[in-house]
Amino acid sequence: MTGLDELYREVILDHYRNPRRQGKLQGDPIHAEGSNPSCGDEFFLDLFVEDNVVTDAAMRGLGCSISQASGSMMMDMIVGKSVEELRELIQKFKVMMSISEGDSPIDEDRPGSVLGDLEALQGVRKFPVRIKCADLAWATLSEALDQTTS
Amino acid sequence: MTDLRALRSDFPILDREINGHPLIYLDSAATTQKPDSVLDAMDEYYRLYNANVHRGAHTLATEATELYEGSRSKVARFIGAEPDQLVFTRGTTTAINYIAYGWGLNHLKEGDKILVTIMEHHANLVPWQLISRYTGAELVYLELNDDLTVDTSTLDQVLTDDVAIVAFSGMSNVTGALGPIDVLAEAARSVGAISVLDGAQLVPHTPVDVADLGVDFLAFSAHKMLGPTGIGALWGKPERLEEMEPTEGGGEMINTVERNESTWAPVPHKFEAGTPPIAEAIGFGAAVDYLDAVGMDTIAAHEREITAYTLDRLSEIPDLTIYGPRDVTLRGSAVSFELGDVHPHDIATILDQDGIAVRAGHHCARPLMKYLKIPATARASFYLYNVPEEVDALVESLYKARKLFGLT
Chain A
1 MTGLDELYRE VILDHYRNPR RQGKLQGDPI HAEGSNPSCG DEFFLDLFVE DNVVTDAAMR
61 GLGCSISQAS GSMMMDMIVG KSVEELRELI QKFKVMMSIS EGDSPIDEDR PGSVLGDLEA
121 LQGVRKFPVR IKCADLAWAT LSEALDQTTS
Chain B
1 MTDLRALRSD FPILDREING HPLIYLDSAA TTQKPDSVLD AMDEYYRLYN ANVHRGAHTL
61 ATEATELYEG SRSKVARFIG AEPDQLVFTR GTTTAINYIA YGWGLNHLKE GDKILVTIME
121 HHANLVPWQL ISRYTGAELV YLELNDDLTV DTSTLDQVLT DDVAIVAFSG MSNVTGALGP
181 IDVLAEAARS VGAISVLDGA QLVPHTPVDV ADLGVDFLAF SAHKMLGPTG IGALWGKPER
241 LEEMEPTEGG GEMINTVERN ESTWAPVPHK FEAGTPPIAE AIGFGAAVDY LDAVGMDTIA
301 AHEREITAYT LDRLSEIPDL TIYGPRDVTL RGSAVSFELG DVHPHDIATI LDQDGIAVRA
361 GHHCARPLMK YLKIPATARA SFYLYNVPEE VDALVESLYK ARKLFGLT
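Those sequence lines, one after another, are chains A and B.
Under my numbering, the first residue of the first sequence is numbered 1, with each subsequent residue one higher.
Under my numbering, the first residue of the second sequence is numbered 1, with each subsequent residue one higher.
Everything labelled a hint here was simulated from the structure, so no lab data went into it.
Note that the structure is predicted; figures quoted are calculated from it, not measured.
Backbone N, C-alpha and C fix where the C-beta goes; we use that ideal spot for every residue, glycine too.
Some hints here could point you the wrong way.
Below, a list of computed lysine to aspartate or glutamate pairs in the DMTMM-like style, where the Cα atoms sit at most 20 Å apart [what the hints assert, rightly or not]:
{"id": "1", "chain 1": "A", "residue 1": "Lys126", "chain 2": "B", "residue 2": "Glu143"}
{"id": "2", "chain 1": "B", "residue 1": "Lys370", "chain 2": "A", "residue 2": "Glu33"}
{"id": "3", "chain 1": "B", "residue 1": "Lys400", "chain 2": "A", "residue 2": "Asp5"}
{"id": "4", "chain 1": "B", "residue 1": "Lys403", "chain 2": "B", "residue 2": "Asp352"}
{"id": "5", "chain 1": "B", "residue 1": "Lys373", "chain 2": "A", "residue 2": "Glu42"}
{"id": "6", "chain 1": "B", "residue 1": "Lys400", "chain 2": "A", "residue 2": "Glu42"}
{"id": "7", "chain 1": "B", "residue 1": "Lys370", "chain 2": "A", "residue 2": "Glu42"}
{"id": "8", "chain 1": "A", "residue 1": "Lys126", "chain 2": "B", "residue 2": "Glu63"}
Partial list, computed: chain B residues near chain A (C-beta under 10 Å) [unchecked claim]:
{"id": "9", "residue": "Pro22"}
{"id": "10", "residue": "His54"}
{"id": "11", "residue": "His58"}
{"id": "12", "residue": "Thr349"}
{"id": "13", "residue": "Ile350"}
{"id": "14", "residue": "Ala360"}
{"id": "15", "residue": "His362"}
{"id": "16", "residue": "Arg366"}
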């Protein structure tokens with residue numbers, strides 16, 4: 001696969017075109033907003049957390065395929081997880097994307113077995129300026145989780 | 001087509017390869033590439049003439065001052081002005097800030113209006129917002145026609161006696177639309193307002209004579225016209241520059257300094273506090289020499305042709321939307337577009353793999369983006385060194401983007 005084919009895998013385009021959990025949560029959810037001012041990408045996240053577990057989540061976003069697909073994939077993974085599990089997931093994502101140091105969490109022999117669709121984002125690493133696109137949703141999630149402990 | 005291709009060998013960077021392809025640089029609205037003559041002039045200054053300007057009686061200081069002031073004369077002549085009407089600034093942004101603070105702060109009062117257009121770059125919006133906070137003035141906007149030129153039909157409604165400043169772009173960095181300079185300069189005069197022309201995209205691409213423009217101030221940047229970054233110019237009518245206070249105080253800009261107060265050096269020096277970017281000023285002079293030698297009429301004709309060709313070729317591509325006038329007499333060579341649901345950042349990444357440099361994003365014009373109800377555009381922009389084959393490569397690469405995103 002060329003770098004571009006790897007970057008724009010079908011699963012990424014599917015999440016881009018059909019983002020999961022689009023919308024807004026009614027009531028008084030935890031709300032966090034992320035943006036990359038240099039490119040204008042935006043990500044809005046609503047979460048309900050009960051007994052330390054995410055019970056519902058919704059997103060609204062605006063931006064490139066990578067930022068929105070990454071956000072959509074994230075939305076697929078967060079409901080039902082505890083705050084601690086999500087912090088671990090964020091860390092795994094950051095290591096996979098070479099944003100943080102650490103041993104790769106991915107099992108190369110069984111693609112998708114550890115982080116599911118999210119593993120398709122590894123192609124972004126070859127495009128360093130786009131890594132911040134992939135990270136936008138996760139940075140927003142991190143901010144939302146910080147609100148649960150305050 | 002006006003063939004300037006022989007000039008390409010003057011630009012060393014055009015020999016570069018990007019991702020295994022020859023560089024196709026279509027981002028001159030962001031910054032332009034530099035010819036050898038500009039690079040050499042700056043290098044030569046540091047190697048042979050490096051000294052501070054306007055002080056010291058030694059030979060080098062005299063030579064450096066002559067080069068610096070010589071560049072001021074060249075840049076002034078380039079826009080039909082006198083050297084003592086031309087202030088060197090850090091760029092267009094600084095020039096507009098100088099007007100906002102230096103003129104606005106001591107002329108604007110509560111309830112005054114600053115008339116701008118919705119197509120302005122942040123550089124011609126945010127300084128006015130800042131100065132409004134201090135003075136109680138307020139921004140009012142002209143909007144756009146269907147072809148994205150400025151709609152002046154509502155001028156009657158917004159042009160009141162409260163309007164103190166009319167600030168507008170000569171050419172949009174997003175849509176390429178030319179600003180209605182004559183109409184807005186006249187509108188400003190009719191209500192006793194001053195007019196400020198953001199010439200960042202205009203001066204590099206078309207012949208400009210301040211005597212014909214009818215505006216009070218003109219701001220532009222060297223790096224968008226073959227010169228270095230870090231330098232630009234503020235031209236003002238002599239009486240306006242006299243009315244303006246210096247925004248920065250320090251060395252070089254004073255006449256006398258006492259314990260508690262000082263008097264200023266004459267214009268333009270009162271606006272040039274501290275050691276200026278001397279090499280950059282010299283590079284700016286070399287840049288206008290280069291443009292003069294090619295001829296601004298020739299450059300403008302070349303750009304009209306390559307813009308017309310680009311608009312034609314882009315129009316062939318399914319799902320592609322161009323944001324800007326189609327009539328090349330109403331526009332410059334910055335061409336913004338969208339391609340289906342392929343986000344502009346994705347377009348830029350895909351094109352970059354073919355060595356093609358375009359800009360993607362909001363182009364520092366978020367109010368315009370919001371007005372157009374789009375988050376971003378991709379933008380190809382051209383200058384004297386671009387050739388039609390580069391447009392062909394752009395089109396081919398855009399078809400590749402369509403394919404990658406499965407558009408049929």
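Could you work out which earlier hints the structure fails to respect and list their numbers in ascending sequence? Hints 1, 6, 8, 9, 10, 11 not satisfied by this model.
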